[in-house]
Amino acid sequence: MRIELSDTTASAVRSALIRASQQMGGLTTGVVLNLIVMTDEGEQYDAMKSAAQASREHPCQIIGVIARKPRGPRRLDAEIAVGENAPGQIVLLRIYGELNDHVDSVVTPLLVADTPVVIWWPGEGPEAPADDPLGVLGQRRITDVAASDDPRGRLLALAAGYRPGDTDLSWARTTSWRSLLAATLDRPPGQIYEAAVGAERDNPSAELMVAWLAGRLGIPVRREVSDGPGVTEVSFLTDGGKIVISRADGRNATLSRPGEPDRHVALHRRETGELLAEELRRLDPDEVYGEALATLVAAADYAAKAQATADLADEE
Amino acid sequence: MFGVTGDLAQKKLLPAIYDLANRGLLPPGFSLVGFARRDWHDQDFAKLTYDAVRAHARTSFREEVWKQVQEGIRFVPGEFSDPGAFDHLARCVSELDADRGTSGNRAFYLSIPPHQFPVVIGQLERSGLAAQDGRGWRRVVIEKPFGHDLASARDLNDLLATVFPPYSVFRIDHYLGKETVQNLLALRFANELFEPIWNRGYVDHVQITMAEDIGIGGRAGYYDGIGAARDVIQNHLLQLLALTAMEEPVSFAADALRAEKQKALSAVQIPDDLAEGTARGQYAAGWQGGVPVPGFLAEAGIAADSTTETYAAIRLGVDTRRWAGVPFYLRTGKRLAARMTEIAVIFQRAPHLPFNATDARELGQNALVIRVQPDEGVTLRFGSKVPGSAMEVRDVNMDFAYGQSFTESSPEAYERLLLDVLIGDPPLFPGHEEVELSWKILDPIESFWAEAGRPDPYPAGSAGPASADALMARDGRAWRRL
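Order-wise, the sequence lines are chains P and W.
Residue numbering for the first sequence follows numbering that gives the first Met the number 0, starting at 0 and increasing by one per position.
Residue numbering for the second sequence follows numbering that gives the first Met the number 0, starting at 0 and increasing by one per position.
Here chain P stands alone, though its shape is the one from the complex (with noise of 0.2 Å):
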């Protein structure tokens, strides 16, 4: 059932919903999530369908705002599809004038009582995703800074703005890596001197591994550049030699060890709807993000001191 309502309210909005998903016989009961997704309309097609893609797992209100033009009257439109190729209900606002200065006074009154919220910036979001007006009512706030020109700076910016419950889907795309790195460490490799992690350039999900390796394992970890697809290689140099993942085509790996066969391992680069579907598997914060940007912060801190005692030292 679709419903459009066009120079329209909040509380119209609302009506409109529970009445329609009583006409649809409660499918909306089972709503486990209410899924915010900032979008604009260019990205909307391709964030609601990897929205609707995740609510299969995790049936979910999706509230997708659309800001258009920000000068003009202020004006609200309202798309609502129930039941239609996605369980739960979509909602598609469409936010124009001034009024997108208050989106949240018209998405707070859809939502779901009594079911958690999350907030999705598939483009740039905001530096300070839990000091967002819309963040503040999330639980979980998912950015993802590979959409930015500057992934790196960007990542630094939200380790500024850092609270328990923001994640990044440039983390959730290290999973499968991290997964089978520790798997691979699992047998004891014996003393690692360093490590180093290969990846085309600005790829953000690099960044982050660099620093989960440096932090967890307490050792130097190299950032090196590759052709790509995202990340290549990770290798460790261990008193028995050197132990290497290599992943060229982004869909199979190839583990060496020292002294073994080599072993193949899928490790496909997975779509943005099941990064989300991850991201909403737990809605407690992700200590393990919050820690790895931590020690990004502090590596780059370390090393603009370091820059600015070699500036010093060339200058004397």
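In short, the hints are calculated from the structure, not lab data.
The beta-carbon is built from N, C-alpha and C at its ideal position, and this holds for glycine as well.
Careful, some of the hints might be misleading.
[Unchecked claim] Okay, the calculated beta carbon distance ranges per label pair: (1) Gly-96/P x Leu-296/W: 24 to 32 Å; (2) Gly-475/W x Leu-311/P: 47 to 55 Å; (3) Ser-14/P x Arg-36/W: 53 to 61 Å; (4) Pro-195/W x Ala-129/P: 40 to 48 Å; (5) Asn-99/P x Arg-36/W: 48 to 56 Å.
Once you've looked at the hints, dock chain W against the given chain P.
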């Protein structure tokens, strides 16, 4: 019916009369006499009724039903102070006895501001309209507010008592006519499942909320000086508290039900420290539902220095064996984020969780929520394992929605209540003892507030003032999301 041109009459009462007729529940010969200061004839009032029915009736319009209603419609023009008009009214009503066989049964619905009660009651007595002469019944129906404090409530009761015996006075609290509120009685007393845990052994606290998204609209004259607590807590919320906290009545007869509600209300304790146990606010300009709205002080008809509260929150205790130590939090407000009325019974946490610390971190407290409006129904919240290889526990909801289990739409509260007045069945109408007990609870709080300066401002469209959140935070709890 006095005050037929008012908002309530047109939106609720007149349509409810038609809906009752349409469902075949009105007695044959039912007649409706309007009284107002208008130079009207019967057909003008019939036209007003027709328009109200077409605009607001719940059931479908049927010509033959309307004809039946229309035949009984009369109008008497006049001032409340004019004895001649009431004599005219008396003649009109006795004609109806003769023409339509109403056999002396009369219900007087006072849909008028309270300050006009004395003159109308006086006229009813003088003209003999209200005389209990053994020929049929004489009943009077009044709307809130039932006074503005204990003294004025007693004055009102004394005034009514001079003309009508207590069993003939019907005080309408339309919340009690709502299906969902009556369902609270069914839920508690028709089931074996809930009553054993409905006590301090299992319940952590209770939250009763009535949140409105609208402002005061055109009611400035009434609202200024009254405020949220007198307007809503004194009647609706304390009645909901009484129904939630009371013991099982021996029957659903009016006396038995009222006796239990009175016991519950008489056990209510206000906080020792009123500054810590209460909060009040006044809405400031803001955005509500995507629309910019003015603050309370900028509303037409409100003084710029008004200290009337538009939000009130109170922590109450019920000193009985069942509820000792269990706080009841009541809150109401205008211009809040959403429109919602609910009773939420929040249960204690499990005494021991045999899980890893992080597994059950997302598990909240079990809750039973009675959703009074909108989306009427009951929600039961409990923890469930999230599918997957890890033992992760998260809250889920089990939901009962009226709209899905009963496709017949619920009658409007006023239909039920008007019918009860005609039948003479008063269990859903609060007695004057309950009204007085409610004022005894509220009066000390009101006088504390009167001395305590201005209410805390909160932006329109928010969840209320920060002081209300602080009230809960001091107890280590939080309000439920609106």
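Here's how the hints hold up against the structure:
no.: 1; hint: Gly-96/P x Leu-296/W: 24 to 32 Å; in the structure: holds (26 Å)
no.: 2; hint: Gly-475/W x Leu-311/P: 47 to 55 Å; in the structure: holds (53 Å)
no.: 3; hint: Ser-14/P x Arg-36/W: 53 to 61 Å; in the structure: violated (36 Å)
no.: 4; hint: Pro-195/W x Ala-129/P: 40 to 48 Å; in the structure: holds (42 Å)
no.: 5; hint: Asn-99/P x Arg-36/W: 48 to 56 Å; in the structure: holds (49 Å)
Consistency note: the structure conflicts with earlier hint 3 alone.
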